[in-house]
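Given the coordinates of chain D, assemble chain S onto it according to the supplied hints.
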Amino acid sequence: MNFSEKVVSKVKEKFPSSVLDVVEFRGETTIKVTPKDIVEVAAFLKTDGELQFNLLVDLTGVDWATRKDRFSVVYHIFSIPNNFRLRIEVPLGAEENIDTVSKVWKTANWHERETYDMYGIKFNNHPDLRRMYMPEEFEYHPLRKDFPLMGIPGSLPLPKK
Amino acid sequence: MEKLKKEDAHPKILQALLNTEVEMIKDDVLDNEMILNMGPQHPATHGVLRLMLRLDGETVLASVPELGYLHRGYEKMAENMNYLDYIPHTDRLDYLAPPANNVSYILAVEKLAGIEAPPRAQYIRMMMCELARIASHMVAIGSLGLDIGAVTVFLWTLREREKVLDLFDKICGARFTTSYTRIGGVAQDVDDATLSLVRDFINQYEEKLDEIERLLNGNRIFLERLEGIGVISYDDAIDIGLTGPSLRGSGVKYDLRKNAPYLFYPEIDFNIPVFTEGDSLARYFVRVEETRESAKIITQVIDKMPKGEVMLNSPKKVLPKKVEIYSRMEELIHDFMLVNFGMNPPEGQIYSATENPKGELGFYIVSKGEGHPWKMKIRSPSMVNLQSLPGLVKGHMVSDVVAIIGSLDPVMGEADK
Chain D
1 MNFSEKVVSK VKEKFPSSVL DVVEFRGETT IKVTPKDIVE VAAFLKTDGE LQFNLLVDLT
61 GVDWATRKDR FSVVYHIFSI PNNFRLRIEV PLGAEENIDT VSKVWKTANW HERETYDMYG
121 IKFNNHPDLR RMYMPEEFEY HPLRKDFPLM GIPGSLPLPK K
Chain S
1 MEKLKKEDAH PKILQALLNT EVEMIKDDVL DNEMILNMGP QHPATHGVLR LMLRLDGETV
61 LASVPELGYL HRGYEKMAEN MNYLDYIPHT DRLDYLAPPA NNVSYILAVE KLAGIEAPPR
121 AQYIRMMMCE LARIASHMVA IGSLGLDIGA VTVFLWTLRE REKVLDLFDK ICGARFTTSY
181 TRIGGVAQDV DDATLSLVRD FINQYEEKLD EIERLLNGNR IFLERLEGIG VISYDDAIDI
241 GLTGPSLRGS GVKYDLRKNA PYLFYPEIDF NIPVFTEGDS LARYFVRVEE TRESAKIITQ
301 VIDKMPKGEV MLNSPKKVLP KKVEIYSRME ELIHDFMLVN FGMNPPEGQI YSATENPKGE
361 LGFYIVSKGE GHPWKMKIRS PSMVNLQSLP GLVKGHMVSD VVAIIGSLDP VMGEADK
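Keeping their order, the protein sequence lines are chains D and S.
FYI, in this note's numbering the residues of the first sequence are 1 to 161.
FYI, in this note's numbering the residues of the second sequence are 1 to 417.
In isolation and in its complexed conformation, chain D is listed as follows (with noise of 0.2 Å):
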């Protein structure tokens, strides 16, 4: 049994009703999890004594525009004692929050600034949740497939004098 399998089986038998799907592609994994349980799938995969996935290397949102959940939060997490890489990925409702992982990884919070300021995706308890790109203003989130490409005139808010 390879490390993949090990993880996908440890996982699995941890939290039976919150995977949904994994998916192998090119070499990697990918594990689908239920929004609800996320903290404790980090935890677990955090604290675990095999497994040990300590860096949280990227966190962020897709926009899949016309599915049913039309957004997914992809977190891509690597175990430095194991030398493996590992991506979750939950899917969100359009109106839907997700906890924050910064408890976990302290890294998360920068990059769910990210997400919330490009997606508008909402991470509950997050200790400060701002924009991170844009300016505090502004209205949209331009990583939305709705947003036009070349931005919405006005939108960009001028200095005060």
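In case anyone wonders, no lab produced these hints; they're calculated from the structure.
Misleading hints may appear alongside valid ones.
[To be verified] Below, computed lysine to aspartate or glutamate pairings styled on EDC-like, alpha-carbon distance capped at 16 Å:
(1) K76/S with D146/D
(2) K103/D with D239/S
(3) K12/S with E137/D
(4) K106/D with D236/S
(5) K111/S with E24/D
(6) K46/D with D239/S
(7) K106/D with D235/S
(8) K46/D with D235/S
(9) K258/S with E293/S
(10) K321/S with D189/S
(11) K12/S with E136/D
(12) K12/S with E139/D
(13) K145/D with E75/S
(14) K103/D with D235/S
(15) K253/S with D239/S
(16) K122/D with D99/D
(17) K106/D with D239/S
For chain S alone, kept in the frame of chain D given last:
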């Protein structure tokens, strides 16, 4: 000048700064707590980084970094152009090491498409990556010296960087924005005369680096301004997501060239320099040692470089040669399709990362089988490394903030995307 009111400054940034928990380190009789705005136009913040500092006298109590002044929306642009068109934009991410970004992006696209460049192209890419690492670290070391008052070093390191840029000119035809890689290979082959120039540069580099090191390592001001400044522990460094030299300065042996090898790095013999102190000085030492290892890698790469093609022969995905486009119908059709509609990789999602001078540069691409990505996320090391800044500067003087930023070596083009 009228006093600035709270509403005039960005209220949310200010609120975030006031919300951070602080403990007064010194009991100052003058009670001069102050909010200081540093940047975005500040010579020592390495680009348009803005910091709001809450000060007690000259001691930093809390700080809030503010990003986004160089945000150009590269992720949105990527969703609207085909894979080939995006290569020049990767130059402008970490603009101190463009070839490394080119390679990182193209490896992600090739992984998605399921193709692999010929061995010679991969060896050339490795050589370019390591040259870029030297060029980038030269700026990092020089500007760190410049920030804390050692101006001579900056001139000496830039002289070395200049030689690397001249080599880029010879190899890619551009000194700075190289756009050197193509899907399935590199833009043009390197001839033996250029390779011997690279070898000449490497042969004299060691000696020049020793000279630079003699200037800094024997400089008491330099050492005392960095030693014990901005310390981050082993566990905290991983927790906050540091990568690259900043992480290895804290004793974590995490380098993607060893941990998740790409190109032909497993066949090269090199070490990963690791220092355990976790302070600004350790981060500086890691960079110096890394360029030494890069020089070692380049020598081996040139020795092992095989002869052969530099572009893959895969007509549906890789651009054909220019001569063939003009003389043959089939190639003309393929060129037309690739340029106008793009290469169509299969449906799926991949994440591919390389060890760039600043840290782990990753590309997460979601494909729906079209000529352009459905989504592309750039995992930029500078942005994640900057997140550690509030923790690092806490309790230090304002002048140390500059030294700490210099030791983290952020590039805002990459942090702001």
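Here's how the hints hold up against the structure:
no. : hint               : in the structure
1   : K76/S with D146/D  : holds (12 Å)
2   : K103/D with D239/S : holds (10 Å)
3   : K12/S with E137/D  : holds (10 Å)
4   : K106/D with D236/S : holds (9 Å)
5   : K111/S with E24/D  : holds (14 Å)
6   : K46/D with D239/S  : holds (11 Å)
7   : K106/D with D235/S : holds (11 Å)
8   : K46/D with D235/S  : holds (13 Å)
9   : K258/S with E293/S : holds (13 Å)
10  : K321/S with D189/S : holds (13 Å)
11  : K12/S with E136/D  : holds (7 Å)
12  : K12/S with E139/D  : holds (15 Å)
13  : K145/D with E75/S  : holds (12 Å)
14  : K103/D with D235/S : holds (14 Å)
15  : K253/S with D239/S : holds (15 Å)
16  : K122/D with D99/D  : holds (8 Å)
17  : K106/D with D239/S : holds (6 Å)
Hint compliance for this structure: no hint is broken.
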